[in-house]
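Can you make the complete structure from the sequences, with help from the hints?
Quick mapping for you: the protein sequence lines, in order, are chains Y and X.
Throughout the first sequence, residue numbering follows the numbering used here, covering 1 to 284 in sequence.
Throughout the second sequence, residue numbering follows the numbering used here, covering 1 to 298 in sequence.
Keep in mind the hints are simulated off the structure, nothing from the lab.
Predicted model only: the values in this text are computed from it and were never measured.
A hint or two may mislead.
Calculated lysine-lysine pairs in the DSSO-like style (CA-CA distance at most 30 angstroms, straight line) [what the hints assert, rightly or not]: (1) X:105 <-> Y:13; (2) Y:271 <-> Y:13; (3) Y:271 <-> Y:173; (4) X:11 <-> Y:173; (5) Y:12 <-> X:105; (6) Y:188 <-> X:11; (7) Y:77 <-> Y:140; (8) Y:50 <-> X:160; (9) Y:271 <-> X:105.
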Amino acid sequence: MQTRSMQTREAKKWVDRAIIAVLLLMGILMLMPFFWLFSMSFRPAAEAYKMPPSFFPPSFDLSNYQTVLASSVPFLKIYWNSLYVAVLVTIGQLVTCTLAAFAYARLRFPGRDSLFFVMLIGLMFPAQVTILPIYLGYAKLGLLNNPLGLVLMGLTSSFGVFMLRQFLRSQPKELEEAALMDGAGYFKIFWRISLPQLMPALGALAIITFTGAWNAYFQPRALITSQDAMTLPIAMDLLRGYMSQGNLSVVMAAMSMAILPVVLLFLVAQKMVIEGVTFSGIRA
Amino acid sequence: MAKRRLSDLRKAQMQAGYVFVLPSVVLYAAFVLAPVAITLILSFTYYDISFGADWVGFENYVRFLTEPRSLEIFWNTLRFAFLAVSFNVAVGLILALALNRAMPKFLLYFFRLAFFLPVIISAAFVAVVWSYFYSVDFGVINYYLAQLGIGQVPWLSSSKFAMTSIVIMDVWKNTGFFMIILIAALQGVPRPIMDAASMDGASAWRRFSRITLPFISPVLFFCIVFASIGALQVFESIMILTGGGPGDSTRSLSIYLVDEAFGSFELGYAAAVSVIMMILVLIITIIQIIGSRRWVRE
Chain Y
1 MQTRSMQTRE AKKWVDRAII AVLLLMGILM LMPFFWLFSM SFRPAAEAYK
51 MPPSFFPPSF DLSNYQTVLA SSVPFLKIYW NSLYVAVLVT IGQLVTCTLA
101 AFAYARLRFP GRDSLFFVML IGLMFPAQVT ILPIYLGYAK LGLLNNPLGL
151 VLMGLTSSFG VFMLRQFLRS QPKELEEAAL MDGAGYFKIF WRISLPQLMP
201 ALGALAIITF TGAWNAYFQP RALITSQDAM TLPIAMDLLR GYMSQGNLSV
251 VMAAMSMAIL PVVLLFLVAQ KMVIEGVTFS GIRA
Chain X
1 MAKRRLSDLR KAQMQAGYVF VLPSVVLYAA FVLAPVAITL ILSFTYYDIS
51 FGADWVGFEN YVRFLTEPRS LEIFWNTLRF AFLAVSFNVA VGLILALALN
101 RAMPKFLLYF FRLAFFLPVI ISAAFVAVVW SYFYSVDFGV INYYLAQLGI
151 GQVPWLSSSK FAMTSIVIMD VWKNTGFFMI ILIAALQGVP RPIMDAASMD
201 GASAWRRFSR ITLPFISPVL FFCIVFASIG ALQVFESIMI LTGGGPGDST
251 RSLSIYLVDE AFGSFELGYA AAVSVIMMIL VLIITIIQII GSRRWVRE
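And the structure:
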């Protein structure tokens with residue numbers, strides 16, 4: 001009996017090891033596109049299509065990066081647009097969603113619950129169903145081909161309000177009631193008590209919002225056609241068109257720079273990113 | 001005195017409430033509610049940018065439901081969604097089961113990195129990489145297939161393979177999301193029940209089908225719903241890999257909508273297409289609400 005259970009335990013250990021080995025192999029395969037694009041970006045442009053492909057940088061030659069920056073595509077401007085949109089959208093959502101979440105979670109006022117419900121319905125509308133009127137409106141206001149247009153439409157989100165409200169409701173109310181007794185106003189309570197309580201959730205929301213805005217494709221694609229106003233995701237096609245004739249390496253240099261902020265964010269704050277992104281999925 | 005203070009407090013609270021929700025409500029009304037309403041109206045019109053709108057009733061919807069081309073695109077989208085959802089969730093579940101065991105911390109970090117990195121990088125970026133992987137003559141995949149003695153596969157240029165190629169990339173990109181959610185669900189399966197079952201000699205398959213699966217089924221159900229909503233809106237990966245071709249074989253409703261709106265400037269018709277997409281998403285959401293009532297364990 002003793003030996004049998006030891007045998008099965010031994011067998012189980014080997015099964016575990018085998019599974020982990022297979023997972024390792026798959027994990028490396030999953031990362032291959034990233035290895036490839038990164039090492040391609042260092043490969044001399046003339047050898048871009050030479051086989052076998054390289055998955056590790058053959059050298060650290062930066063000339064492809066220089067080519068991107070010197071090309072006729074205004075890459076730095078596009079990069080700046082992406083940063084501008086993602087940062088402002090993130091700040092905007094943090095502000096508007098926090099304010100609203102505080103009101104929905106902590107204050108009583110007529111119409112609160114129906115307003116919150118209407119806001120929640122917003123989670124159900126796909127981007128496709130709002131884009132045409134926004135396009136028409138922007139055409140009238142001169143906001144087409146303007147990164148500011150992308151900022152404005154991203155300044156609040158049903159999801160952000162919902163997430164922060166749920167989080168705040170799970171936090172203790174006692175401090176705030178005590179402050180109220182002491183005669184503190186609601187702005188003071190919001191600033192001194194609720195905002196600090198919300199901090200962990202704000203970090204997660206900031207990460208989700210930033211990566212979401214950085215990665216957005218559908219709306220920029222509909223609203224922006226001029227190169228100077230583009231963000232990185234929609235500019236990728238452009239770069240591909242301009243440079244693909246034998247210049248695969250140059251496109252990959254642009255790509256490496258484009259994905260860098262999100263990759264860095266992930267390497268540094270892996271746990272927070274995963275928690276944030278999965279929470280954004282599990283909303284209802 | 002005390003009474004007056006109370007009513008003052010209530011009034012202050014009310015004012016603060018409206019002030020705090022104001023920015024988000026205004027923005028939400030301007031960028032979500034009003035556009036949805038306008039899209040609905042637009043879908044019943046023939047809209048011309050310079051001449052304005054003409055009421056045409058259900059004509060746009062009739063056109064969508066009777067034109068062979070739009071119907072083909074509709075079925076393409078459903079076919080893509082079916083394939084993408086099945087494989088994303090199935091692979092995610094297999095990975096979650098494989099990962100749900102004791103292992104050193106650095107390995108866990110590596111696996112999370114490897115399987116989740118594609119989730120957070122825009123499909124617009126990675127699809128460009130995949131389009132080179134899939135290229136017939138210079139493609140990385142065909143190069144290795146050739147080493148194995150397999151001839152060139154026209155991954156994206158043949159209507160026979162194009163949809164499969166897009167699904168493969170989609171699973172690579174999204175399955176990690178479902179893996180992470182399912183790992184969390186698996187960790188909620190009570191250990192003592194599992195231990196008792198294995199003591200009683202229940203096989204691994206039996207333990208999975210009788211304990212694990214019923215336990216995680218609400219989460220699995222959520223994954224399917226969530227994946228379906230995402231897959232129905234698929235846009236950038238197809239846009240970059242095939243642009244909807246060859247022919248219409250990979251065209252999705254989102255791409256069709258953009259083509260009609262910004263290519264042919266058929267804004268009324270495009271609005272009808274987007275309303276149809278919204279109805280699809282709505283149906284799935286309703287199924288979710290009904291289903292989760294039935295599935296959630298009490």
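Hint by hint, here is what the structure shows:
For a cut-off of 30 angstroms, the pair hint linking residue 105 of chain X to residue 13 of chain Y stands: about 17 angstroms separates their Cα positions. About 28 angstroms separates the Cα atoms of residue 271 of chain Y and residue 13 of chain Y, which keeps this hinted pair within 30 angstroms; it holds. Taking the CA atoms of residue 271 of chain Y and residue 173 of chain Y, the gap is near 28 angstroms; set against the 30 angstroms cutoff, the hint holds. Between residue 11 of chain X and residue 173 of chain Y, the direct Cα distance comes to roughly 20 angstroms. Compliance with the 30 angstroms bound is thereby established for this hinted pair.
For the proposed pair residue 12 of chain Y and residue 105 of chain X, the alpha carbon gap of about 20 angstroms is at most 30 angstroms, so the pair holds. A C-alpha spacing of about 16 angstroms is found between residue 188 of chain Y and residue 11 of chain X, which places the hinted pair at or below 30 angstroms, so the restraint holds. For the suggested pair residue 77 of chain Y and residue 140 of chain Y, the alpha carbons sit about 25 angstroms apart, so the restraint of at most 30 angstroms is met. Pair hint residue 50 of chain Y plus residue 160 of chain X holds up; C-alpha atoms about 28 angstroms apart against a cutoff of 30 angstroms.
Under the criterion of a C-alpha separation no larger than 30 angstroms, the hint pairing residue 271 of chain Y with residue 105 of chain X is consistent with the structure, at around 13 angstroms.
Of the numbered hints stated above, none is contradicted by the structure.
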